[in-house]
Amino acid sequence: MASASAERAVRGAMTPVPHRVVSRRPETADTWTLELEPFAGSIRPRAGQFDMLHAFGVGEVPISTSGDHEGDGPLTHTIRAVGAVTRVLCALEPGAVVGVRGPFGTEWPLAEAVGGSLDNFVAMMNKQAQAWGLKNTQFRNVTGLSEAGHHASAR
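In this note's numbering, the protein residues as written are 154 to 308.
These aren't lab readings, by the way, just hints derived from the structure by calculation. We put the beta carbon where it would ideally sit given N, CA and C, even for glycine. Check before you lean on any hint, since a few could be wrong.
Claimed, not checked - With a straight-line cut-off of 20 Å between C-alpha atoms, the simulated EDC-like cross-links for lysine to aspartate or glutamate are:
no., residue 1, residue 2
1, LYS280, GLU300
2, LYS280, GLU260
3, LYS288, GLU300
What the hints assert, rightly or not - Pairwise CB distance ranges, derived in the manner of DEER restraints:
no., residue 1, residue 2, range
4, GLY210, ASN273, 40 to 50 Å
5, THR168, LYS288, 49 to 59 Å
6, SER306, GLY236, 33 to 43 Å
7, MET277, THR168, 22 to 32 Å
8, LYS288, GLY210, 46 to 56 Å
9, ALA276, PRO171, 37 to 47 Å
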């Protein structure tokens, strides 16, 4: 499998890299989360960065990543259907192909800046939740995305 830098050198930084939609789930009536896997190579955006998602034959839009930025899993983007391109992206079914360029922008290393590390920041979040009396809240990550043992409650 080619590295992202080798892939980019061959294709050019402005050429969308084809990715396959591996899953699609609704968040609200007009908002969908897509998980994308590259056909070759991979990009690993950091928190705060965005990708340009390209709906072939329609156009492209900037969309922030919304999943685990550190892992080896698929790229995750949550998209609201508000225009021609985003409506097409939200309607893509698993197996469809979308182009990805990026990542672009500057990352937001907030957790590291405040807590020294992601793990320390999560511990700080849990300590604050307890101080607020949120007895049924247990954070496992800084994103708020579900994972085993992650529970958020107003109580």
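Consistency of the hints with the structure:
no., hint, verdict
1, LYS280 to GLU300, "holds, 19 Å"
2, LYS280 to GLU260, "violated, 26 Å"
3, LYS288 to GLU300, "holds, 18 Å"
4, GLY210 to ASN273: 40 to 50 Å, "holds, 46 Å"
5, THR168 to LYS288: 49 to 59 Å, "holds, 51 Å"
6, SER306 to GLY236: 33 to 43 Å, "holds, 35 Å"
7, MET277 to THR168: 22 to 32 Å, "violated, 42 Å"
8, LYS288 to GLY210: 46 to 56 Å, "holds, 52 Å"
9, ALA276 to PRO171: 37 to 47 Å, "holds, 40 Å"
Checked against the numbered hints above, the structure breaks hints 2, 7 and satisfies the rest.
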